[in-house]
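Chains as they are written, first to last, in this note's numbering: chain B, 799 to 1186; chain U, 14 to 114; chain E, 2 to 133.
Quick caveat, the hints were computed from the structure, so don't treat them as lab data.
Misleading hints may appear alongside valid ones.
Stated by the list, open to error - With the C-beta cut set under 8 Å, the calculated list includes, among others, these residues of chain U facing chain E:
#, residue
1, M14
2, T28
3, T32
4, A33
5, N34
6, I66
7, D67
8, V69
9, D96
10, M104
11, L106
As the list claims (entries may be wrong) - As a list, the in silico BS3-like pairs of lysine-lysine whose alpha-carbon atoms are at most 25 Å apart:
#, chain 1, residue 1, chain 2, residue 2
12, E, K32, U, K64
13, U, K86, B, K1098
14, B, K1153, B, K1012
15, E, K64, U, K64
16, B, K931, B, K945
17, B, K1017, B, K1098
18, U, K42, U, K86
19, B, K1098, U, K105
20, B, K1168, E, K64
21, B, K959, B, K843
22, B, K869, B, K931
23, B, K931, B, K896
24, B, K870, B, K889
25, B, K1153, B, K969
26, E, K32, B, K1136
27, B, K945, B, K969
As the list claims (entries may be wrong) - Far from chain E, some chain B residues (derived; all Cβ distances over 12 Å):
#, residue
28, R817
29, T828
30, L839
31, R921
32, Q939
33, R1016
34, P1072
35, Y1073
36, E1086
37, E1112
38, I1147
39, H1164
40, I1166
Here the structure is a predicted model, which means the values were calculated and not measured.
From the three backbone atoms N, C-alpha and C, an ideal C-beta is built for every residue, glycine too.
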Amino acid sequence: MAYHILIADDATMNRSLIRDVLSKSLKNATFSEAVNGTEVLEVVKYGAVDLIILDLVMPIMDGYETLRWLKKHPEFHDIPVIVNSAITEIKSIEQTLKEGAIDYFTKPLSPNDMQIILPLKARNAIKFYEQQKTIVSLNQQINEELKNANTFANILLPKEKGMKQVELYLKYHPSLGIGGDFFDCVEIGDKVHFMIADVTGHGIAAGMASSMIKVLYRKIIETPDIMPHEVLERMNQSIFDIFDFAGRDNYFVFTAFVGVLDHGVLSYANAGHPYPMIYRAEHDRFVEIRQNGFLVGMLKNVRYHTENFQVDPEDMIFLYTDGLFCACEGKDFTGWEKVFTLSRQLSGILTVSPKEFLEDLFYAFHMIHKTSGNDFTDDVAMMLLKVK
Amino acid sequence: MEEQLLGNCMRLIITEGLTANRVSDYTQKTEALFASDSRFDSVVLDLSSTKNIDSVGVTFVIGLYKASEEHNKSFSVSGASVDIMSLFRLMKLDQFFDLNE
Amino acid sequence: MELLNTEIESSFDAVDMLVRTAIRLLEEEVKELSQSQLFNINFMLREILNNAVEHGNHFENEKKVMCHIEYEAHQLTFRVRDEGKGIHLEDIPLMHEPKDLLRQRNRGHETIREMAFEVYIDQTEVTVILKI
Chain B
799 MAYHILIADD ATMNRSLIRD VLSKSLKNAT FSEAVNGTEV LEVVKYGAVD
849 LIILDLVMPI MDGYETLRWL KKHPEFHDIP VIVNSAITEI KSIEQTLKEG
899 AIDYFTKPLS PNDMQIILPL KARNAIKFYE QQKTIVSLNQ QINEELKNAN
949 TFANILLPKE KGMKQVELYL KYHPSLGIGG DFFDCVEIGD KVHFMIADVT
999 GHGIAAGMAS SMIKVLYRKI IETPDIMPHE VLERMNQSIF DIFDFAGRDN
1049 YFVFTAFVGV LDHGVLSYAN AGHPYPMIYR AEHDRFVEIR QNGFLVGMLK
1099 NVRYHTENFQ VDPEDMIFLY TDGLFCACEG KDFTGWEKVF TLSRQLSGIL
1149 TVSPKEFLED LFYAFHMIHK TSGNDFTDDV AMMLLKVK
Chain U
14 MEEQLLGNCM RLIITEGLTA NRVSDYTQKT EALFASDSRF DSVVLDLSST
64 KNIDSVGVTF VIGLYKASEE HNKSFSVSGA SVDIMSLFRL MKLDQFFDLN
114 E
Chain E
2 MELLNTEIES SFDAVDMLVR TAIRLLEEEV KELSQSQLFN INFMLREILN
52 NAVEHGNHFE NEKKVMCHIE YEAHQLTFRV RDEGKGIHLE DIPLMHEPKD
102 LLRQRNRGHE TIREMAFEVY IDQTEVTVIL KI
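Looking at chain B on its own, in the form it has when it is part of the complex (with noise of 0.2 Å):
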């Protein structure tokens, strides 16, 4: 690998004798030079640079601008600058290290200066700059696969359109572009099913899970006729036949709240996720849908209940999952009771808007974890069914 390092110095002699010593200790490294500032910029421009050793006193545009410059502009900014001067105020060294130089030496050179310390200072910066490209391009990858594996995330959202029996309005925010909230509507024949599950966890894992939840409950929901609770109890059992738990940490664990719509009764089996409201529009109240559960993945052989609710038209069935109240990991215990108050307090939108109100509640509670000095750290989903 070859380095290219670039000397910046109005004084020939400095040059030939920093370009000396470096030639000796680095193999590898082939040589810029340079008069003052502009020159620096010119070089740069032109082609690839690994170091920059640069002199701080140099006529037209001094060594301070040219730092300056380079720590501006991305494409530059990386590169490993090594300052030098006879200056030896401690201001001078202070200020050019606090612009991002990466190391100082004074001139003029003692004899160990030259023969053991700027070599490997030259050497520690350049692998340092190397270190740096890897992890730029690292980074790179990964945002690529995120943005793929978010626009395949998107793909798993119900249809928001096209239903008889309810309107659907959805607000989905994963906290890494992809995560493991997981809601579905479908309307199959003269029944509506819906789900809402929050996979342990956010991020590429978690929203693995979740993409197999969608799988595992469209396959169970087909069997017709099949109530909430078995919904949950196939989907435990699933887990168990398909994957292996060999050890203690299991990630297939979520929460999840199972429903079907059928001409107004609304069937329900909750797995251990927060309470849904249910607006009922003739008396303008929230009422909260209260059956605890275990959760999913847990533990097999787990057995669910399901329950009834009466639901008449314009009636909206409200369902979330915690990260919306809970900013912190493992606090969920704070902030439900806020859903329920800040819902009653937007109901007057929820009748005219009900996309709005999901995006006012949203807010809402983004501005309450940010004056707490938080932001939502996990996954957020809303779901909310309008009964037709």
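Dock chains U and E against chain B, hints included.
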């Protein structure tokens, strides 16, 4: 926590409360137990002296149940007070293991 | 009538001691409480205090948890406050719990609501009311 091996049954007696400050100690002991050579087919968690319990304690019980299952041992809870049994029922644990008198 | 007004350090041992004391106190001073209610209060207090110690104060020694218990006209009011917003400690003992059990444990609050307590949360303070 006391451990008593009676025939094929490993009896674990909680004497100090099933609470957050004690659970890591209990967990260490039960892990060692499952890893050891002791031969037992069943695990009984004796809660007859237990008055104090919190959610960490409850998850310890769930963890113990899971571990027993994984090692093909049966699991039951004995001597739980009426209040503890209600708590277990509230948390839907009664469907997994027997709550004996 | 104020029954208890104290602060403890941020450890599970301190929670244990406080709750045992509090329950004894309630047993003596509030005769109308049944054994079941005392048990539920025991569970609820531990849940809130554990949360304050672990999630509020991150087990930091300098941070305290305040606990206040009041009894007035057939109503018990419990207030617990932590000193929130701290730096995260690397080595928190129970974080080594497997993820699924940790998730299960974090749902203790739902159990509390099932126990007929009213729960109100305001930043770092939790208020629980039990009508007797």
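Consistency of the hints with the structure:
no., hint, verdict
1, M14, "violated, 15 Å"
2, T28, "violated, 14 Å"
3, T32, "holds, 5 Å"
4, A33, "holds, 4 Å"
5, N34, "holds, 4 Å"
6, I66, "holds, 7 Å"
7, D67, "holds, 4 Å"
8, V69, "holds, 6 Å"
9, D96, "holds, 4 Å"
10, M104, "holds, 6 Å"
11, L106, "violated, 10 Å"
12, E:K32 - U:K64, "holds, 19 Å"
13, U:K86 - B:K1098, "holds, 15 Å"
14, B:K1153 - B:K1012, "holds, 24 Å"
15, E:K64 - U:K64, "violated, 29 Å"
16, B:K931 - B:K945, "holds, 21 Å"
17, B:K1017 - B:K1098, "holds, 20 Å"
18, U:K42 - U:K86, "holds, 17 Å"
19, B:K1098 - U:K105, "holds, 13 Å"
20, B:K1168 - E:K64, "holds, 23 Å"
21, B:K959 - B:K843, "violated, 53 Å"
22, B:K869 - B:K931, "holds, 16 Å"
23, B:K931 - B:K896, "holds, 22 Å"
24, B:K870 - B:K889, "holds, 22 Å"
25, B:K1153 - B:K969, "holds, 8 Å"
26, E:K32 - B:K1136, "violated, 35 Å"
27, B:K945 - B:K969, "holds, 19 Å"
28, R817, "holds, 47 Å"
29, T828, "holds, 45 Å"
30, L839, "holds, 43 Å"
31, R921, "holds, 33 Å"
32, Q939, "holds, 27 Å"
33, R1016, "holds, 24 Å"
34, P1072, "violated, 8 Å"
35, Y1073, "violated, 8 Å"
36, E1086, "violated, 10 Å"
37, E1112, "holds, 29 Å"
38, I1147, "holds, 24 Å"
39, H1164, "holds, 17 Å"
40, I1166, "violated, 10 Å"
Hints 1, 2, 11, 15, 21, 26, 34, 35, 36, 40, counting from the list given before, are not met by this structure.
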